[in-house]
Structure formats: C-alpha cells, structure tokens
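Taking the hints as your guide, dock the two standalone chains into a single complex.
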Amino acid sequence: MPAADRSKSPLLQGTLDLLILKTLTLGSLHGYAIAQHIARSSDGVLQVEQGSLYPALERLLNKGWVTAKWKESPTKRQARYYTITASGRKQLGEALSSYDRVALAIGRVLGRA
Amino acid sequence: MSHLDGLRHRLAVLLHPRRYAREMEAEQRFHLELEAMQQRQAGVEADDAELTARRTYGSVMYYGEEVRRMTVLRFIDALTQDLRYALRTLHRNPGFALVSVLTLALGIGATTAVFSMVNTLLLRPLPVSHPEQLVLVNEQRVGAASWWLGQEQVPYDRFLAYREGTREIFSGLSAQRQVSFSLRFGNEPATAVTGAIVSGNYFDVLGLRPAVGRFFSADDEPAVVLSHRLWQSRFSGDRGVVGQTIYLNSRPYVIAGVAPGGFRGTTALATHELWVPARSAPLGEHAGFMRDWVAPFGRLRPGVSLEHAAAVVNAVAMRVPPGEPQSRVRGARVEPMTPVPARAGRSIARDLEMFLTAAILVLLIAGANVAGMLLARASARRREIAVRLAIGAGRWRLVRQLLTESVLLFLLGGAGGVLLTLWLSRIFAAWGPALPDGAVLDLTPDLRVLGFALALAAVTGMLFALVPAVRASSAEVAPTLKDGAERGSGRTRGRSVFVSAQLALAVVLLVAAGLCVRTLRSALAVDPGLDPDDVVVAAIDLAPNGYDEVRGRAFYRSLLERVRALPGVESAGIAQLVLLSGMSDGNDIESAEVGPSGRTRTNAWYDVVDPDFFRTLRIPLVAGRALTDADVAGHAPVIVVNQELARQLWPGESPLGKHVRTFGRDWEVVGMTRDGKYANVTDNAVPPFMFLSFAQRYSASMTLHVRSRLPASQVIHEIRAQVRALDPNVAVGAEPLTDVIGTTLLQQRFAAWLIGVFGLVGMLLAAIGIYGVLAYYVAQRTREFGIRLALGARGGDVLRLVMRRGALLIAIGTAVGLGAAAATTRVLRGLLYGIGPLDPVTFVVAPLVLVAVALVACWLPARRATRTDPIIALRAE
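As given, the protein sequences belong to chains A and B, one line each in that order. All residue numbers for the first sequence refer to my numbering, where the first residue is 38 and numbers rise by one. All residue numbers for the second sequence refer to my numbering, where the first residue is 39 and numbers rise by one.
Next comes chain B alone, as it looks inside the complex (with noise of 0.2 Å):
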C-alpha cells in the first residue's frame, strides 16, 4: 500500500500546489512558534527569542522552498519555468514565430486532413447501435444490374423473399433506395434534397431512437423522419413540425419525427436527408434506372456466424427467380456493413495511404524548414546560451529548455494545423471534385482526429528540434564570449543538409503530382469516340407516370421537336444509356449466318438511341449509314455496329448487309461506327457495341442529349422548362456530359487534386527553406561584402557567389529527389493511366519547376547582398 499512499501524496502536491504551499508556510511558522515559545521559557526576550530562532534555522521561506524541491513539484516548476521562457522568448521573436507556426500548421494540417479522410472513412463506426452485427446482402448479378455504393441493387419483390427465407439468421433485414427529393414545405421555393426510400424496419434494424417525434409505424399515413441536420437547418429545430405536412415530388407526407443528430444513413459517403418508408413512396415512383431495386442489409441475430448467414443467403437467392428477365444470379454473400463498402474500401484505403505519405513528405519537409530556422537561432542565440552555460545552468537543462521551446512551437503549429484542417475540409467540399450519388466527405475533426494532430506535433517537435537543441547548447564559452560574433560557415552547414533533404523531397512530391496531374489529363483527353464537349444530358422516366407505349413515344417526339427549336440548340437526341457514364448493358448477338468456323456468337454491349443521336455525340460512322427516321418499327430491323463486334463476328468482312439475332429477331447491319469508349474513358478494351433503334425498341426510361455552345445551367433550365410544358410531374435529372463522365474519374480527380496541392505546398516550402538558408549566409556576410564591394567587387561578382552557394544546394538535392522518385513512383502505378510511373514528361518538367522557383528564391537574397552599402556594412561592426 505504500505506493498508493505515496502516490496519493504527490498527487494531492500536484494538483493543489497552492493549498500545499500554505500548509507548509503554516507548518513552518508552527514549528517556528514552538521555537520561540521555548526560548522565551529558556529566559530570552520575546523579540529575540524568535529572533534567534530565525537566525538559528533560516527563513521560513528557505524551508518552504526547500521542502518543495522533494516533490514532483520540482518537475512541473521547472516545466512551467521553461513554458513562460519559451513564450516570452517566441514573444519577442514575433516573425520567426509566425513563420514556423504557419509552416508547421501547412503540414500538420496536410497530415491530419488526409487522417481525418482515413478516420471518416475507415475508422470511425456508423452511429448506429452494435454496428458490428450489420451486414450486407450482396448479390452477384450477371447481365442487368443496378449497384449503390459497391452493393447490387435487387428488385423489392426479390428484397421481400430474401427477408421470408432469412428469418433465422436475421433478427431484421432492411433495404434502402438513395432517391433524390425535390422538397417543399409551407411556400417556401422547392429544394433538391438527397434522402432514401426504406423498408419500414429501417430504424428498428439500426437500433435508433428518434430524437423527435417517432419513426414509421404500421397504419402511417404518407410520412417522412427527418434528419437532424436538415430539421436544424430548414426547420430551425422546431419541435413543433411533427405532425406538420411537406411535399416531395409534389406529394404529401407528414413528418412523423426526427433521426438523432449525426445519423446521415449508412455510409460515410452518402448524406441522406430523409428517409420515407417504401410503403408511402411506392418504389418505382420517382425517376431513375431500374426504379424498384433496393439495397438490402440486416442485423444478425446473436451468435449467427457469418459463414453459416452466407449459407442461408446464398441459398435464397439461388432458390428465387432473378425477378428481371435480362439477368441472372450467381449467388448472394453477405459483408459487413463498414461505414465504405468493403469492396470501395480496399481501393479507398491504398489511395488514402499514398495520400497520407504525401502529406507526411509535405510535413517532413515542413519539419525541415523549421529545424533549419531552429539551427539559424541556435547560432544567434550562442551568446545566451554561452553566458548561461558560464554562470553554471547544466547542459540538460539547457538541452531542455531549447526543446519546451521548439516543442511548444510545434504544438502551436498543431493547433493552427487543426484550423487548417477544419478550413480545408470546406474548401474540399466547395472545391475538390465531386462525388457521385451526391455524397458528402463529412471531414469534421472528431477527439481522434485532434489526438492525432497533437501527438503528431508533440512527435515532430521532438524530432526536429533535437538536433538544434543539442547543437545549441553544445557553445564553447570563452571563445564565444570572447568575440562575441558570429563566425563559421561551418555553421550552415547543418541547414544545408536540412534544405538539399527539402528540395528533394519537394522533388518526390512534385513529381508525384505531375504524373497524377498527367494521369487526369491523359484520361480526359483520351478520345473516346464522341465529343462530349457542349452536351448536356437529361434522363427523363415515364414509367412512374402511367405513360403507355403510345404516349410515350408521343411524349418523346414531342420533347425532341420543342428541344431542338430552342434557339442556340445545334442538335438533340435520345439514348437509354448515357455512353461514359460508368454503367454498361449487354445482350448475346449471334450472326444468322453460317460462317466457315459455324455460326458465331457474342455478348455486345448496347445502346438503344434515335438517328439524331450520333449526329449529337458526332459519332463517326466508318461504313454504311447512320439509323434514319425512315427506320420505324414495322420496317426492317436495323442495327449499327462498332468495328470490333463486326471483328469478332465477321472477321476480314465487311459487315454490312449482315443479319444478326439478338433481343430475339432478326437485324440487318446497316452502319459501322469507329471504335471508342463505352462506360468508362479508362477502360482499356474496347467491347463489342451495338446501337438499336428508338423506333424499333422503346424504353420509357429515355436521356435527352441536347448540343448547344449556351451555358449549361442555361440549356438545363430549358429543357426543364420544356418537360414541364409538356407533363409537369415528370421529374429531369439533368447535367453536362463532362460532368458525368468527371464522376467517373472520381479516382484520377482525387489524386490530381490532393497529391498537387500536396506538391504545391511541398515546393513553397522548400523554397521559403533555401530563401532562409541563403538569406542568413547574406546576413553573416555582410562585412565580407562590404569590403570586396569597397575593393571594387561588382555586382554582379556578388550575384554571382550567392546564387553559386544556392545552385550547388539545388544540384544536390534534386539529384538526390529524381533518384528517390525513379525507385517510388511504381507505389502510384494502380492509379497512373495512359503514363508510366517513370513518365519523361514529368521527370523533367516537375524538377525544372522546382529548379526555377527555388532558384528566384536564391536570387532574392543574392539580390540584396549586392545593394550592400560598404560604409554601413564595415560601420555595422
């Protein structure tokens, strides 16, 4: 027990000095009474007698100090003496202060923004009750397929059978379907709000408790829960909105109650603002392709194994017929619910790690910067510190003094680091690229962010400043009291190490960026085989309306006719897939012909699309004709197909006037089109593709393609405007082509943008490093040049010997910065397209930029060592 009643004792000490330090005064004067109490029995006047005793055994003050000096008090007095030092001493040095502390914030909040990225994303648990027991049901589909965020879409009535057959492993199963709302309430304008249509279990099987109001029940009229966030900000938090009427589509619903605050659905990246039960938003309502399909999770019961869950699953989804004639099911499995789907997280978590190493570059590099500035102050501090050090301070204690200085330099710039974090999180959101399904990055700083900030800042603070601490307070006293002067190039010798090591890691970083900058470029500027520039598309669905066939079509032609007399409208079409957009559909095509090796067959991707349609995307044709108006339905079945199909199936013919079968009827080849990109820009082979006819094959799930050189936002609100002329409850989703087509390089975009930001930011430091190297070794060299000036030296000789010093350094450090990327850059291979991770490009443009902005960098300082005045220089000593 001894240790706990010590323990107990230091710790009442430290927590309560100043309690303790009354105690002891009151003690002593105690002790001191008694003495003189005594003295006076002994016969010594009363005066004297305390007198004596002072004298006898010193001020009570001596003692108090002395007791105090026993305790761990003499740990924290000592700290607290360091920190005021420091403070007063960072106080009186406001620049250099500011610098460091901005510098270090760039990297710090570099570092924790790309954490706070990997917290978000992979550490931070669901808000949801026993997160661990979610999974999700994920099917594997072959042929029509809908996915969410890495999870396969399954029809509802499929979702229904998979909840019958699973009862016994899942103590519920839910399923959701992202929608987008277009929401109005009272008369304020209508907004756009991104929500999801659920089963009616979707809160029960979370385990969430409503923060207002109650979630779904049974006998519900048409409702809606809110989430917390859009309740704050549309609603002002009023509790009085439950029970109160909004409209979505231009339905209503009643809001039953509120989702507690932070719940935003089920994934890091999707923010749903609202959540109606499929039950009141029949599915198949609102716009979008393959509109009842639903993404199904559930809570396992406890115990249930999910090898044994697997099983069961993947029994039903083998039992129940595919519920879509155009697809069929492998199987099901099922996956823990991670806040990023486990098959995006895999990927997610090798791009977060190549961003987290160049953020850590940035902030080594940041470090550097800061050491070297450290070593520049150690040396003008020498004098200080030799007087110190002569007067008896130990070096320890000096060592420690310098390190609670550069430490607390180190913290600072981990706070400003976390402001940064917070500032870049909304410039991320404004700035960065978009992603898909509208979802939001919510990079919000949690207590393991702000932890890993400080323990970051805590660490490079003792990294960096060690060695400066160490140098420093190594002075040799006489002779530095002696002269008192700075002397030594010997002295920078340190900071040039510090700034070779910077330039090359700015070279890594720049480099770095350069190929995933290239890499951006290269994919938008691969030509896919249409011109995406200038178009605008607009999916528009008839089913949920009630539209047949007839009016459909009637619907279409109508749309096409007003849309393309819209002034500035060069052309418009229609397609059922939007080409680059990522999805794909495909279909077995078979020649009707018997070829020399028999009948030949395989599966093509296709497109069903009106004659316009190429005219808009300027597809080229290579043989034959595009489909024409004349090519409706009860004329021939014709087709049109790209070079590679009619590779596969007539391979050294021509294919035109082939017969194929396929959708179960015979066509008749009449165009070949160039080869080109299909769901992605990145793809690398090129699939067989057909394009049928609208007029030969309806959808009533149609986009609109409109060309015109007006402003998107403009075209978009035409086109809105037409639709709405014609059925106002038809809902547009509408966006520039390139748009589309950037969501897809989500990947590439994320790179470019991050790691060049990185690169940037790594390349200005570096630079501001040699700046201070340089602009110190002017300083020290004032006198030398005054005199050589004096001797009659020009300017230009000046010039000359500085930015010599300044260009060796460059030399050194972006040899030894190409040599570090050559042996890295294969790490960016998975992400690189259409460049190698050894790109010439890059590795001679990225160090020649660097080359020219560290040599401005020189050339300041060298600048200034010429205008130096001799008089003043030689005067100065």
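The following block holds chain A by itself, in its conformation from the complex (with noise of 0.2 Å):
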C-alpha cells in the first residue's frame, strides 16, 4: 500500500500548507518559484521537495483555498500560477495565529521563552 503514508504527518503537512499560502500573499506563482521562495526565504533550510509540494497544491485546491491557472511564465513557457483565495487568507490568518499559540506552548515547554 501507498508509501505515501509517509507525508502524512499532521505537522508536517499543516506546516507545509501554511507556507505555501503566506508564500502566495506575495502573489501568483508557480510551483518551482514557491519551492524557490521558501528555499531561499528559510536560507536553504527548508527544502520543499516535488512530491510534498504538489500534493499539497493539490489538497489546497480541493479545499478551494487556491486557485491555479495556466499562464506564460517570463521564459515564453507555460505554466501553472496558483493564487490565494479569499477563504484561503482566512484560513491563514487562523493558521497563524493556532501556529503562534503551539510555537509560544513549545518554547515555554524547552524553556526557551
């Protein structure tokens, strides 16, 4: 059965989630450019692999929480931008704010708050 069972980490996955959409506050993007984002936002540290990110792309869209379209990218390509919706923000805006509260919890807990 699916090996897929792996990415299937609660945290994991709502991490994952919610830095895609704060990526797409920024705007529409594709893919590549959200993995690029996020590599080069965390300083390399947070590498976003193929087979996590379009997965999630994909339970994001079934959520209604983005959109995609399929536009010209810069390089005369085709290429499929995703967009945060308005219930997408919603969503990221609790999202943020139940992150806070868990990272404020587990600070306290390792002392280091």
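For the record, the hints were derived by calculation from the structure and aren't laboratory data. Heads up, some of the hints might be wrong.
[Claimed, not checked] List time: in silico EDC-like cross-link candidates among lysine to aspartate or glutamate, alpha-carbon distance up to 16 Å:
no.: 1; chain 1: A; residue 1: 106; chain 2: B; residue 2: 61
no.: 2; chain 1: A; residue 1: 100; chain 2: B; residue 2: 43
no.: 3; chain 1: B; residue 1: 715; chain 2: B; residue 2: 623
no.: 4; chain 1: B; residue 1: 696; chain 2: B; residue 2: 631
no.: 5; chain 1: B; residue 1: 715; chain 2: B; residue 2: 569
no.: 6; chain 1: A; residue 1: 127; chain 2: B; residue 2: 631
no.: 7; chain 1: B; residue 1: 696; chain 2: B; residue 2: 628
no.: 8; chain 1: A; residue 1: 100; chain 2: A; residue 2: 131
no.: 9; chain 1: B; residue 1: 696; chain 2: B; residue 2: 706
no.: 10; chain 1: B; residue 1: 715; chain 2: B; residue 2: 907
no.: 11; chain 1: A; residue 1: 59; chain 2: A; residue 2: 131
no.: 12; chain 1: A; residue 1: 59; chain 2: A; residue 2: 109
no.: 13; chain 1: B; residue 1: 696; chain 2: B; residue 2: 682
no.: 14; chain 1: A; residue 1: 108; chain 2: B; residue 2: 61
no.: 15; chain 1: A; residue 1: 106; chain 2: B; residue 2: 43
no.: 16; chain 1: A; residue 1: 113; chain 2: B; residue 2: 623
no.: 17; chain 1: B; residue 1: 715; chain 2: B; residue 2: 765
no.: 18; chain 1: B; residue 1: 715; chain 2: B; residue 2: 645
[Claimed, not checked] Computed Cβ-Cβ distance ranges for the label pairs, DEER-style:
no.: 19; chain 1: A; residue 1: 110; chain 2: B; residue 2: 118; range: 30 to 36 Å
no.: 20; chain 1: A; residue 1: 112; chain 2: B; residue 2: 118; range: 24 to 30 Å
no.: 21; chain 1: A; residue 1: 59; chain 2: B; residue 2: 50; range: 24 to 30 Å
no.: 22; chain 1: B; residue 1: 126; chain 2: A; residue 2: 112; range: 19 to 25 Å
no.: 23; chain 1: B; residue 1: 76; chain 2: A; residue 2: 106; range: 23 to 29 Å
no.: 24; chain 1: B; residue 1: 501; chain 2: A; residue 2: 106; range: 26 to 32 Å
no.: 25; chain 1: B; residue 1: 501; chain 2: A; residue 2: 112; range: 57 to 63 Å
no.: 26; chain 1: B; residue 1: 42; chain 2: A; residue 2: 59; range: 21 to 27 Å
no.: 27; chain 1: B; residue 1: 42; chain 2: A; residue 2: 112; range: 42 to 48 Å
no.: 28; chain 1: A; residue 1: 86; chain 2: B; residue 2: 501; range: 35 to 41 Å
no.: 29; chain 1: B; residue 1: 126; chain 2: A; residue 2: 144; range: 54 to 60 Å
no.: 30; chain 1: A; residue 1: 77; chain 2: B; residue 2: 501; range: 55 to 61 Å
no.: 31; chain 1: B; residue 1: 76; chain 2: A; residue 2: 143; range: 31 to 37 Å
no.: 32; chain 1: A; residue 1: 143; chain 2: B; residue 2: 118; range: 40 to 46 Å
Every value quoted in this text rests on a predicted model; they were computed, and no experiment measured them. All C-beta atoms, glycine included, are put in the ideal place defined by N, C-alpha and C.
Rendered as structure tokens:
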C-alpha cells in the first residue's frame, strides 16, 4: 500500500500548507517559484520537494484555498500559476494564530521563552 | 465560496481526467526543467543536471501518481479497477455469470413488470395538458344504466343539459362514447378499430394540439381525427392523408388531423384509435346498449373547488329529468379524472399490491439463489483471497471488490429484467387475460420504470452480496494457503439457510398461486343454471337502421329461421340481455292476488326471450312450461319466473297460474326455472328473476344465441353472412358466450395468470437453488464417495446419503413455508371465490408439488455421486 503515508505527519502537512499559503500572499506563483521562495527565505533550511509540494497544492485546490491557472511564464513557457483565495487568506490567518500559540507553548516547554 | 472553488476543481479533475493528467505532467516537466536550468547555472553539465534533478526528486510519473492519489480520482480509479477486475472474473466463469444473470433477470423482470403496471395504471399522468384540472361527472342512477369503465353514462340530451348548467365551473364540458368501427380506406379490406364518438370540444377540453392537420371545427363535413399510432401503422405516417376520405361503418369521413403521439384516449385502459365528433356521426347509429349515452368529463375553471363543482353538478342532476323512463337519478358527483377511474382504481391498487408482493417473493428467491452461488464461489476463491490478504490487501478493499462484482452481476440481471419486461408485456398482450371493451394495457417501460429496475438491482445486489463478501474476505490466511484444499461442511451452512428460506418462500408463492387458480376454477365450475359451452352470442341492433316493430320482428324471425337451418346448428334463440355478461336490468313486480299479508311486491331482474332461448341455453324448468310459439301478442301475457321470485311473492305456494303486474300490465306465471346466476357467475345472492316473451314485448336490440358444436369462429362467420344477406347495413358483434363470461372474471383471471406464473418461476428457482447446493456438496465430497465406493458401499448407500441431506432442507423449508402461508393468505380473501384462504386442497397439493420438484432437483446430483469412479476421485488429489 501507498508509500505516501510517510508524508501524512499532520504537523508537517499543516506547516507546509501554511508556508505555501503565506508565500502566495506575495502574488500568483508557479510551483517551482513557491519552492524556491520557501528555500530562499529560509536560507536553504526548508527544502520543499516536488513530492510534497504538488500533493499539498492539490489539497489546497480541493479545499478551495487556492486556485490555479495556466499562464505564460517570463521564460515564454506555459506554467500553472497558483493564487490564494479569500477563504485561503482567512485560513492562513487562523492557521497563523494557532501556529503562534503552539510555537509559544513549545517554546515555554523547552524553556526558551 | 471555498466550497465552490474546491468543488469546481474536483469536478474538473473528475470530468476531464486525461486533460488533468496531461497538465500534471507538463507542470512536473516544467518544474524539472527549471530545476535543471538552475543546476546548470551552478555549473553542472547539462545531462548530469537533468539526471541529478531526476535522481533528487524521483520520476515525473511518481509525482504524477502521488498527486493523483490526493484527488477524487483515487475513488474513481479504485472503482474502475474493481469493475475491470469484476468483468474479468465474470468473463472467466461464463456459466456462473449466465445462470446468475438469468436468475436475477427473472426476479427483477417479474417485479419490474408488475411495477410497470402500477406505473401505467396509477402513477403515469394522462398525456394531456394539466390533467389535474380534469374531472368526470359521475351520475348515480337506479334502474336502467350504462357503465363505461366505472363511470355512469348519461343520455346525450342530459349531457347537453349538464353543459348548459355548469358553465360557471367548467371551462369546457366534453363527452365520449366508446364505439367499435369498421374502418375501410381505399381498396384495402375493412378492419375493426376501437374509437370514440366525442363532443366537438373534446380535444379543446383536453388541451391537445394536433400532430398533423387540425381537430374538429364547427362547419365540418363528417370528420375524423386519427390516433398517432393508427396514422403510423395504417397510413405509414403520410402527411398527405389529411383531407382524404376513409369509410367508417360504410359512411365517408374526411381525415381532419392526427392526435399527438402517446395520446390514446382518456384512460389507461381504453385505447382509442380514432375520434369522430357526435355532430358528424350521430349517436344512436352504431350498435350497442343505450346507444346515445355518453360519459361526460370537464375541465374545472381555475379556482373552482371540487366541492363547489360537486354541488353545481348535483343540482343539475336533480333538476333535469332522467331522460329515460326506467331510471331514477339520485344525484351526481365529480371525480378527478385519473388514468384509471377512481372506483376501479381502488380495487386495482389492492390487486397490484398483491401482485407486487408475489413478484418480490420471486425476486427474493432469485436473490437467495445468487447469494448461494456467491457463497459457493467465495469458498472456491478462498485461496485467491488468502493470497491477496497475505500480500497486504485490506479487508475492506476486498469486501468492496467482491461487492462490486456482485452489484455488477445484479445490474446485469436488472438489464436482463428490463428486457424480460418488454418481452413479458408482449406475452401478456398475446396470452394474458383479455380486457373488457378491447382495452389494452400499455406496459412499455418509461424512465420511471427503468429507474425502478436499476434501483431494485442495486439494492438487492448490496443486500444479497454483503454476507458472501464479508464471509469470503474473512478467510484465514495461513491454513488456507497451507493445505489449499476445501474443507469444512460448515461452509455450506450459509447456503443451506438460503435454500431453506427459498423453499419456504416458494411454498408461500405456490399456495397463493394455487388459491388463485382454484378460485378461477371454482368460479368457472359454478353451476350458473345454464350451459354456456358451445354457445355463440351475436348482438344485433336494428334501431339505427330505421326498423319499426313490424319490420324488426320480421327481421328477427327470418334471421332465426336462416340460422336454425344452418348445418351444425342445434338450436338458436334470442334474448334482450346476455345472461352472465355482468349486465342486469330490473323492474318492479307485484302479485295481483291479495295474500294473507296484503299484496306483495319486489324488484325483479328480467330478460326478454323467445321460446327457443331456454332450450339453447339449457335452462331447466322445475315446474310448468317454458314459453311457446303460442304466447304471442294478443294472447294472454305469460311469464316464467325463478324459484327465488316465487319464494318472495308466494312463499310455500306454487307460482303456476298466479298473476303479477309489471311493465304496466298483468301477466300469468306459466313456468318456474331453477335458481341460477344472472349477472356474474361469482354473485352470491340469487335475485328474483323473470323471463318475458319477446312475442309480447318487442325490443329492437336483441342478442342471437346459437348452440352449435362447430368452431365458434365458423359459427360467427355464418351468422355474419346471414345477417349481411338480410341487410348489409346491420352490424353484428359476436363472440362465444364463454368469452363473455370470462371477461366478467377478469380480476380472478389476472390473479390466476400472474400469481400462477410467479409461483412456477419461484418453484423453478428454488429447485435450481437446492440443486446447486447439493451439486456443490457432492463435488466437495467426491473423494469421500470414491473411498466409500472403493470400500464396497453400493450406489444406493451414497444416493441415500445425499438425498437425506436434500430431504432435510426440503422438510425444513416446506414446514416453515406452510406456516408462513397459513399466516398470510388471509390477504387474498377479497379475491377468493368458492374456497377459503386456508383451502385444504391447496395447502396439501402446493407443497407436494414443490417437494416432488425439489426431490428431482436433489436426485440429479445424488445420482452423479453414485457414479463416482473411485480411481479418478482418489487420483484427483
């Protein structure tokens, strides 16, 4: 049965969704650009693999938090551009605040705050 | 809106899976190319770069698959896979598939056929505009009356009075009279068609638009509108026929137009092929009882309630004189115009409920059969299933797979059932009981019927496949894989339960069928007080042809002479009413003598007959004499009465020589007949009855009764020839008297026919079920039987062994079935005649028949067991 069960760690999944939604607040981006942006802005710490990125995007599409459209990329190639929707922004806000709470709590437990 | 966006995405994926896969791949390639480009910029060689990229991130396909898993596609994929697998499995076992599908087709077909009757009669609305606004005007009449499909007909003048008096409530009041026409077009031979003479506003009130041409207009020369079907079948749908002339009963009519397709009259029972306005086909010119009487119906104006309409109609009914001296009107009602008249509808609904129950029993037996086979197959597939479990298939996934297989089977069975329904409709039309007035039951399935069959197939599929599927998927992996061999008679326990249940259901069905068939037989075996065999009746009406009494009498006299002279004719008589045809007519009668309790009077049914009538129908006299040729006009009027009439007027005395007053004059009683049946053979009460002499009471409309051993068709042909020779314009409606009686037993015939067929099918399926179980049992024990036989057991011993097992199942099933039948046949009571719901003959014979058939079904595999060759049986392991 599916090897993909590996990626089903809820924390990981939820966090990747969060990162993608946050990235898309910058504007419409294609998948590669999203991965690049996450990698760059985390100084290469967070490498998003294709195998996680596209399933995550598909999930967000299914939930209606992002929409996708084929457009011409700057390199004159057709690429699929993802855009965050209003309900996606709302979800991002909720997820961020719950993330803050969790991060704060973990920090407290670890004695860092 | 997030739901909408998400939904739209899922739908796009679902509806365009190919495009979606293509896009997915393009997207992945794009990603990889950018990846490679970046690597190149970082100084890696082009080929290596791509390779690295691929190595790092895996193959495009893998991600494609991965993404796809996330979507609805996952479900669809699995379903497609299941279906494909299921089809392959069925294909590999064509015998099993065929038997299962046929079995299910029988069950689902039976149920669907009955449902399509329900649909046609009770559910499907009339194909007219706003049928809910249409109502029948139904008079309540006492005395002379004429019914058409549960509606009281009224004289045409009376209909006109209703039309005048109800303008405020009806936007239109129309009327119809069903008539049989002889249709001739060009040089083709004439054919008989059923149609209606209608008021000119008929199609306007129904709100129909002609498919071709137009309907009736005010200044028409004699016009006719054809049904779409007749137009197609007789005139090959040629638009050019509009304006051409056809001949109806030898009179010319111009074809005005064609009614819309699907419209065949205002009830589901009668199918009319053409319509003629009363203006151009004067009522009263066609043959029949109360010829100018019509059935009125109207369209309520918007906002008029049924109660208000009823009050207005009733007021008109009470105000206008009955228009017929021998009847009184008690009032009139309005009833919603349904495909089947409400009065008939209730009893039809009750009967259909019963038929549906019987059909569902057949379906249950069929389903149990297939479930049994699935169980057997589940055992046979234990190894395959154990292997799949061992390599990691989930049990739920396996159950789903097995369910898909079964539901597919049931759906195929459903498709077969629909085909069977189509075929059954045809069989029913050809062989089923004839409906009165040439009515036809149109059982063509529509979308509702198809949906019903589909739902039925899916639901029964789930129901009957669940147990086998769960059973199969719960196989123990290790032991199954280890020895692989079939073990355990415990595996047949499930099937044994199914088979016993089947046999029990079959017993219930057979008992019900037996009761219905015996009801019909006892109704047919009733001594009606006359002998209807070998008698042909031919209705003749001279009124439309302008005969007066003198010419009329002369006509009947010469007709009787000619017919009596025909070779093969034993005797011939005439009567106004046909006994046992469901019709009756009554009149008050009063004893002329003042008895101890004063004058006595009663209402007696009557018929007007000639002297030979008694001999022709073999009506026995118990006292006095029959009418004779001497009892003619001018002589003392005489009548013959039945025992009941004598009992009521002169209890304990001989009626002979008594005088009575009826029809406004005095009559002398000269004879007495034995009590018999008069309107219907199933009537239980005996009415007082009197026979008047035709010679002393003329009627223009009489029915010829001819007794002959010749085939009825030949007799009818001869009668027609004789009537034509006397006057070619006189119409004759002839049929065997037994057919006339048969029509009055329609309900009993229907029940005997349908439930009888269901009973046979149920029995057959149950026999197949028990055969399957025992055949499986024998196959499993081939080795054991081989050893037994090798050790010296005789064939008889093995036979007994197998038969004992079968006999046990049969005994249990029959016992349970008898109990269930005894508890449930009460619901048939309204239908039964001459026997009770616990009729001992049926309760003995029906199970015996089933036991005999089931024993034969057991004997076949048992005999095979005795022929086991020990060597082969032992080597097979």
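Structure versus earlier hints, numbers of those that do not hold, lowest first:
6, 10, 12, 16, 17, 20, 22, 24, 27, 28
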